[in-house]
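Chains as they are written, first to last, in my numbering: chain A, 1 to 519; chain B, 1 to 473.
Do not take every clue at face value.
What the hints assert, rightly or not - Just so you have them, the derived chain B footprint on chain A, three or more residues with Cβ under 8 angstroms: (1) 189-200; (2) 291-301; (3) 367-375; (4) 396-405; (5) 433-445.
To be verified - One-sided excerpt, in silico: chain A residues whose CB lies under 10 angstroms from chain B: (6) L176; (7) G186; (8) T410.
If you're looking for bench data, these hints aren't it; they were derived computationally from the structure.
The C-beta atom is built at its ideal place from N, Cα and C for all residues, glycine as well.
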Amino acid sequence: MRTRVLFPDRDVVLDALPEPDPDLVLDLELERLFAAMAGGDERVAGVVRRVLPLGVRGGPAFEDPPTVEAIRYRQSAVADALAAPATVAALYRLAADAVDAERRVWGGALRNAELVLRRSLEVLGGLLDALGATRDLLGSERERLGSAAFRGLADRLADEIDDAFLAEARTQLARLADPDLVATSGLGPGNRASGFVLRRAGDSRARLRDRIRPDGGRGLTVDVTLHDQNAMNALGELRAAAVAPVAGVVAESAAHLIAFFERLRDETAFLVGCANLDSALGAAGLARVMPEPLAPTETGIRAEAIVDPCLALAVRGLVSGNAVDTVGCPLTVVTGANGGGKSTLLRAIGIATLLLSAGMPVPAAEFASCVPDGVLVHFPRGESGRDDEGRLDAELHRLRALVGRVRPGTLVLLNEPLSNVNERDGSAIAGELVRGLIAGGAEVWLVTHHHELAASLHATPPAPTRFLRAARGEGGSRPYLVTPAPPLVTSFGTDLWAGEVEARLGGAPHSGLGGERPA
Amino acid sequence: MLGPGGVGESRLAVLLTPLAEPDAVVFRQEVFRDLALDATGGVLRQFATTLGQVRATLERAGRMRHPAERDRWVLDALERHDAAVASLAEGLTAAPLASRGVLAVRDHVAALVASPAFRSRRADVAGARAALDGVAVRLRIGQQRVVVSPVRDEPDMAEEIRSTFARIREGDPAPLPVDTFSTLDMNPLEAQILARVVRLEPEPFARMACTIAAHQPVVHPALAQIADDAAWYLAVLDLFVPLRAAGLGVGYPALAADGRLVATGLFDLALGRRLVAEGRGVVRSEVALAPHERRAAITGPSQGGRTSFARAIGQLHVLAAAGCPVPAASATVPLVDGVATVFDRPERLDDPGGRLRTELRRIRGLLEATTPATLVIANEAFASTTAEDALALSRRLLDAVGERGARAVAVTFLEELAADNGTVSIAAVVDPADPTTRTYRFERGPADGLAHAQTLAAHYGLGADAVRARIAR
Numbered sequence: 001m002r003t004r005v006l007f008p009d010r011d012v013v014l015d016a017l018p019e020p021d022p023d024l025v026l027d028l029e030l031e032r033l034f035a036a037m038a039g040g041d042e043r044v045a046g047v048v049r050r051v052l053p054l055g056v057r058g059g060p061a062f063e064d065p066p067t068v069e070a071i072r073y074r075q076s077a078v079a080d081a082l083a084a085p086a087t088v089a090a091l092y093r094l095a096a097d098a099v100d101a102e103r104r105v106w107g108g109a110l111r112n113a114e115l116v117l118r119r120s121l122e123v124l125g126g127l128l129d130a131l132g133a134t135r136d137l138l139g140s141e142r143e144r145l146g147s148a149a150f151r152g153l154a155d156r157l158a159d160e161i162d163d164a165f166l167a168e169a170r171t172q173l174a175r176l177a178d179p180d181l182v183a184t185s186g187l188g189p190g191n192r193a194s195g196f197v198l199r200r201a202g203d204s205r206a207r208l209r210d211r212i213r214p215d216g217g218r219g220l221t222v223d224v225t226l227h228d229q230n231a232m233n234a235l236g237e238l239r240a241a242a243v244a245p246v247a248g249v250v251a252e253s254a255a256h257l258i259a260f261f262e263r264l265r266d267e268t269a270f271l272v273g274c275a276n277l278d279s280a281l282g283a284a285g286l287a288r289v290m291p292e293p294l295a296p297t298e299t300g301i302r303a304e305a306i307v308d309p310c311l312a313l314a315v316r317g318l319v320s321g322n323a324v325d326t327v328g329c330p331l332t333v334v335t336g337a338n339g340g341g342k343s344t345l346l347r348a349i350g351i352a353t354l355l356l357s358a359g360m361p362v363p364a365a366e367f368a369s370c371v372p373d374g375v376l377v378h379f380p381r382g383e384s385g386r387d388d389e390g391r392l393d394a395e396l397h398r399l400r401a402l403v404g405r406v407r408p409g410t411l412v413l414l415n416e417p418l419s420n421v422n423e424r425d426g427s428a429i430a431g432e433l434v435r436g437l438i439a440g441g442a443e444v445w446l447v448t449h450h451h452e453l454a455a456s457l458h459a460t461p462p463a464p465t466r467f468l469r470a471a472r473g474e475g476g477s478r479p480y481l482v483t484p485a486p487p488l489v490t491s492f493g494t495d496l497w498a499g500e501v502e503a504r505l506g507g508a509p510h511s512g513l514g515g516e517r518p519a
Numbered sequence: 001m002l003g004p005g006g007v008g009e010s011r012l013a014v015l016l017t018p019l020a021e022p023d024a025v026v027f028r029q030e031v032f033r034d035l036a037l038d039a040t041g042g043v044l045r046q047f048a049t050t051l052g053q054v055r056a057t058l059e060r061a062g063r064m065r066h067p068a069e070r071d072r073w074v075l076d077a078l079e080r081h082d083a084a085v086a087s088l089a090e091g092l093t094a095a096p097l098a099s100r101g102v103l104a105v106r107d108h109v110a111a112l113v114a115s116p117a118f119r120s121r122r123a124d125v126a127g128a129r130a131a132l133d134g135v136a137v138r139l140r141i142g143q144q145r146v147v148v149s150p151v152r153d154e155p156d157m158a159e160e161i162r163s164t165f166a167r168i169r170e171g172d173p174a175p176l177p178v179d180t181f182s183t184l185d186m187n188p189l190e191a192q193i194l195a196r197v198v199r200l201e202p203e204p205f206a207r208m209a210c211t212i213a214a215h216q217p218v219v220h221p222a223l224a225q226i227a228d229d230a231a232w233y234l235a236v237l238d239l240f241v242p243l244r245a246a247g248l249g250v251g252y253p254a255l256a257a258d259g260r261l262v263a264t265g266l267f268d269l270a271l272g273r274r275l276v277a278e279g280r281g282v283v284r285s286e287v288a289l290a291p292h293e294r295r296a297a298i299t300g301p302s303q304g305g306r307t308s309f310a311r312a313i314g315q316l317h318v319l320a321a322a323g324c325p326v327p328a329a330s331a332t333v334p335l336v337d338g339v340a341t342v343f344d345r346p347e348r349l350d351d352p353g354g355r356l357r358t359e360l361r362r363i364r365g366l367l368e369a370t371t372p373a374t375l376v377i378a379n380e381a382f383a384s385t386t387a388e389d390a391l392a393l394s395r396r397l398l399d400a401v402g403e404r405g406a407r408a409v410a411v412t413f414l415e416e417l418a419a420d421n422g423t424v425s426i427a428a429v430v431d432p433a434d435p436t437t438r439t440y441r442f443e444r445g446p447a448d449g450l451a452h453a454q455t456l457a458a459h460y461g462l463g464a465d466a467v468r469a470r471i472a473r
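Isolated chain A (complex conformation) (with noise of 0.2 angstroms):
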């Protein structure tokens, strides 16, 4: 039975889903993300760091970008998670009790078809149960859960789980517990009984006929006495081989029915986590806005107010939001002041691309864009313990890995690249890797402080190309805002550490240095 709560064309089994990247997770900060979304509940932190990042993709293994469809699907089930939370925590919770309940019957590995047997009719009882229980729940709540995801559920529910089924299921069960076995074999290799098929042997006067003159009197009966103990191990293996069919069958359909408590159970976690975050960043005093996935055909992203979330949830109200247009440009080159938001706004825009592409909500007030397939994010590492060409060295390699993982339509965030050469060996490289970037089709953000590299795409653009400035506020002051303007030759290090260093030093140079230094 299907769910397809979060995808309309797949149920979501999380262990076949990837891990996330780990550079995406660490260089976007996506633990605080996680954490939010968690609220506290492991089982839905370990379902987000697995659906979020992967986004609404389709094809067999996650290959093929979301399309707009997909994402309005899932939009549309956010949508009742936002306006329902109780109601999906309520189908959480009966999911996930529903499992864990089967954990407890289960046990370990057995190997045993009769064991196998009994416990698997305990559990598909209870299963059955919850079966009901999550059919009526549905069924309930159809005017609050409106999205095509739940209401699709729900008549697929109401379709195959009538009570017709469920007595019919419950009586079958109770046959099994027959503990004399009829069955019918053949020979198999060497002559041993095999091809077992349990049969449901004649109505109540044939089975006590057979009790009364078991085998006609033709000396065709085998008897085993309790205290032969091989004897009775090999009976039971014999039981065993009788019941494995049938054992298979009824565990094959516990197995599914857990199956399909346990998709159910994630992907209603998710929809936990994304009520969570919301209420988050409500909290936080933040606006979020569904957003809008342009045609394909489209390239760039429009946004106003728009902020990291991470950086939001950290410091709590204190970020301002950027303004940034880059519709029709597939590169975007950053570059300005130290500590002006440029890694902030990078940040910003990979994680809304990310929530776009899952179909959740974005902390802005206005935030429409192409669907990018995947991001790739590429950030300074200490790679420390390295000399200079060992560096470099790593770097490179780090940069191989990344453009054998772009494809046409990747969102390529590239936070100064290469600032460990010196600016004209950097700027040539990298230079070189935007424009193969560019001309592969992918989508380009790219941080710099390489003047060279920012004033060559500025000479000679690979494509329509947006420069965004780091703007330095009056005063010195840091506004974080970054607005359109080609790039400038100098930086603001000067400024940064007049304002950081020497104003916190206060009017003696040396104070809080102690004595070490000479007057």
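Since the structure of chain A is provided, determine the placement of chain B on it from the hints.
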């Protein structure tokens, strides 16, 4: 099939030992060529596999106590064996054969299959088998009793449950990983039940016993020998299968009576198999030494493929002398009586000082066995001593090999060795466009030290064109 002399001549123990007679080499090359064709090789592979299984089954059946169980295994063995012989005959009749070895096998098997005895055996076995397949019984299994009776018309419970629960299933059902019987053979309870089944339906079991008694032995010794020989040929060919598939030339060498060595497309079999398995390209080299050029030195940068090149030369000689295909597109090779190697071996920790002594002792034994038909390969010999010492010792070694009329190939970082009179110098090829890359190719030419510069971005494939090409792939 391993040598002239007809079916049944076994030389399993000496398979990679150099053959003394050129005709023995040619005989095996003919067989290899026949078996390298998928049709012919497949027919013999199937036969060898089945016969191995049949022999294992019979061995196991011989240890069984219950006749109704044991006889059934023997009956199955008969059935499989005869079916395998029949398809071998059929397959070989249809195959385009050219070798003396496989033609002899074909004639032998075809005669056997056409014999009346073989045909009546197959018919008897099939009849007995069909009778057993018709046996079906009903078992009522209580908690202390099993009752055997004729089958009644009763519905299949698994089917009923499956159809009820069909609506909740999604995707493929995983098979249930349960153990049923703990023993491979029948347990006493099963034997008792089988005895009741025999009582209920005695006829098929009597027929089975008559059939196997009438048709012994199951496996003819000559057929067992064919299976063993074929298994050896196929194992050798299997080494080369992925290499051929990757487009590497695999040839059958001509034997050079005058001692010349010529090979094109030469590569190291072990390294080639690893690179191909990893989907990487294999670099091939050429080598050409005239009859009088009996001493060669191989130089080049470390990790530049020198050892692999030397190994490839050694493999070329060993495999050629055993009548096997070689890792080269084409080759003319002297028939050697052995390839002696001086390869650096990791030394035992308790004997650090004696390393050179141990090496020299090994070389002494090697020289004692060296004849004019021997090839000696030295790989960075005398690495435990100073370069000056190593040079002097290497010259001694090569001189000693030469005095015995044998040929020598030395891999070395001592470029002086390559410049000696009478030594052919083979050096790693340098790419003039990029001296930093290792070509792993070798050519005759003077040894020269190689520079290492780094052109990193290009090396990492980060140029604009390379990046675009990778995205568009």
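Each hint, compared with the structure:
With 9 residues bearing a CB less than 8 angstroms from a CB of chain B, the region 189-200 of chain A meets the requirement of three and the coverage assertion stands. Note: the region 291-301 of chain A has 0 residues with beta-carbon separation from chain B under 8 angstroms; the three-residue rule is not met and the coverage is violated. With 0 residues having a beta carbon nearer than 8 angstroms to a beta carbon of chain B, the region 367-375 of chain A misses the requirement of three or more and the stated coverage is violated. Counting residues of the region 396-405 of chain A whose beta carbon lies closer than 8 angstroms to any beta carbon of chain B gives 6, which reaches the threshold of three, so the coverage claim holds.
For the region 433-445 of chain A, the proposed coverage by chain B is satisfied: 8 residues have a C-beta within less than 8 angstroms of a C-beta in that chain, meeting the threshold of three. With a least beta-carbon distance of about 7 angstroms to chain B, the hint placing L176 of chain A at the interface is held under the 10 angstroms criterion. Below 10 angstroms, beta-carbon pairs count as interface contacts, and G186 of chain A has one with chain B at about 5 angstroms; its hint therefore holds. Below 10 angstroms, beta-carbon pairs count as interface contacts, and T410 of chain A has one with chain B at about 8 angstroms; its hint therefore holds.
The structure shown violates the earlier hints numbered 2 and 3.
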